[in-house]
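Chemist: In case you want the letters, here they are:
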Amino acid sequence: VNRFLIVVAAMVATTVVSLSQAPAQGGRGRGTTPPPAGARQGGRSGAPQAAQAAPAAEPTPRLPDGTVNLGRTSVDVDGHWSLQYIQNMADRVVGRAAAPRGARGAATGLRGGAASEPWIPFLPWSAAVYNYHSKNESKYDPEGYCLPPGGPRLFATPYPMVVLQQPELKRIYMNFEGGAHVWREIFMDGRPHPAKDKLQGATWLGHSVGRWEGDTLVVDISNFNEGTWLDYFGHPHTDQLHVVERFTRPTKASLVYEALIDDPGAYSAPWSITWTTPWNDGAIDEYICQENNQYLNTLKDDFGRFIIDRGDGK
Amino acid sequence: MHMRRKHLFLVSLLVCVAIAVPAFAQFGHPLKGSWSGEWRQNAEIEHRILLDFNWEGKYGINPEGGTLTGTLNPGPNAAAMKNLRLTPPSGGVANADAPWELHFEADTRDADGNAVKVVVDGFLENIGAYKRFITGTWQEGNKRGPFRVVANYGL
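These protein sequences, in sequence, are chains A and B. If you count the first sequence from 1, you need to add 156 to reach this note's numbering. If you count the second sequence from 1, you need to add 205 to reach this note's numbering.
Hints in this document: simulated from the structure, not taken from any laboratory. A quick note: this is a predicted structure, and the numbers were derived from the prediction, not measured. Heads up, a few of these hints could be off.
[Stated by the list, open to error] With a straight-line cut-off of 30 Å between C-alpha atoms, the simulated BS3-like cross-links for lysine-lysine are:
(1) B/K263 to A/K291
(2) A/K354 to B/K263
(3) A/K295 to B/K336
(4) A/K326 to A/K352
(5) B/K287 to A/K352
(6) B/K348 to B/K336
(7) B/K336 to A/K291
[What the hints assert, rightly or not] Derived, one-sided and incomplete: chain B residues facing chain A with beta-carbon distance under 7 Å:
(8) Q231
(9) G233
(10) G262
(11) D302
(12) A334
We treat Cβ as the ideally placed atom computed from N, Cα and C, and that holds for glycine.
Based on the provided sequences and hints, a complete structural model is requested.
Modeler: Have a look at this one:
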């Protein structure tokens, strides 16, 4: 009996440890589970390094003028933010606990569409579109063929991200590896968004202006195009999307991200999401999504036809 | 030489279009944008049609959450759509790839310049992003026939 109890105790302990180490639903540690079908293909030398142990809590780093430093802190030690793979923003809505791992994951086949997320203020059309993406398991995900993530999805696409502050030029740059090598320029000089008639077309990442509220960087973004989804699960947005992001770095090793999604074109009210991104002392690795991307060549529409004309009549 | 240049130009144009096309896909409201096609009056007569739709959302404005507007044949003979409705399928995820019902009317003029009313009932399908299309019945005055339009973006 004693031996039986020992075996049971060992099994329970193993289960508890493995569960405690599993990333939250939608999260993907660097170099762990591959993206689900429909998630981006291609890529070559971007095999990320195994996650390194987070350093012990250190205080918020600051620039010489006292401003919070959101980037690297030492000439000698590389570092970057290890963005998580968050598949479903609905699980990160402010005030809601993350869903249990696998509860609505693509791999489980249990995606319930808009009805399973009553706290998301869908409009009738956006609910129907979300249901459609749920049914076909996001096969049309634009990030699946290496188009850039737009809006908050930049911070939900895995692989490293770095922040470069240039207070003397009143600019902050954010470089994203997993965002297919894209960067954002955040204007910190107090300028407003340009008038609609001054814009030269809507853009993938929008127009960003920022300001400091105490130790929080607040970034206001508008002028998105409609070429992206909010997340892998396919929450849609329109070109009326307006995002207000708030970045705080309570310790050296953590970046708290919060975003208000304000899109009257797709939702009946604004909603907010939040998560924390860990710091990783290590070099930023190269990730190339675009190379040899074959996904579009295999994608079929609702009638079984290839969406690219292959010249064979199929 | 001239033909060769022309071929080279056409091939270059096709390559450019093939490369650029994914950038034109739009994932917002599935009806928004420009659509083109034809309606068939009979076996011999087809009429080219161009439709343009826009969606403007506004918090709390109505149960749909915004205003859908449309123009029939944008240009000198443009006509604003009336009674425009797009109804998504009900039934949740299980029925999510069912057609969306479309209805609109417009007061326009026929080829002879006579005032004529257009009444259209159709179905929007394949909404994923590429190769979206609408099919249905086109009634123009006392003429009636099937129509098909495709979204002017995507692959």
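Chemist: None of the hints should be skipped; say for each whether it holds.
Modeler: Hint check:
Straight-line distance between C-alpha atoms of B/K263 and A/K291 comes to about 28 Å, which keeps the hinted pair within the 30 Å bound. Using a Cα cut-off of 30 Å, the hinted pair A/K354 and B/K263 holds, with the two alpha carbons roughly 23 Å apart. Using a Cα cut-off of 30 Å, the hinted pair A/K295 and B/K336 holds, with the two alpha carbons roughly 14 Å apart. Between the alpha carbons of A/K326 and A/K352 the distance comes to roughly 23 Å, so the proposed pair stays at or under 30 Å and holds.
Straight-line distance between C-alpha atoms of B/K287 and A/K352 comes to about 28 Å, which keeps the hinted pair within the 30 Å bound. Of the pairs offered as hints, the one joining B/K348 and B/K336 holds, with about 28 Å between alpha carbons and a cut-off of 30 Å not exceeded. At roughly 18 Å between alpha-carbon atoms, B/K336 and A/K291 fall within 30 Å of each other, so this suggested pair holds. The beta carbon of B/Q231 comes within 4 Å of a beta carbon in chain A, closer than 7 Å, and the hint placing it at the interface holds.
The closest approach between the C-beta of B/G233 and any C-beta of chain A is roughly 4 Å, which is under the 7 Å cut-off, so the hint is satisfied. At its closest, the beta carbon of B/G262 sits 4 Å from a beta carbon of chain A; the interface hint therefore holds under the 7 Å criterion. Taking 7 Å as the C-beta cut-off, the interface hint given for B/D302 holds, the closest approach to chain A being about 5 Å. Hint status for B/A334: holds, given a least beta-carbon distance of 5 Å to chain A, under 7 Å.
Checked against the numbered hints given earlier, this structure breaks none of them.
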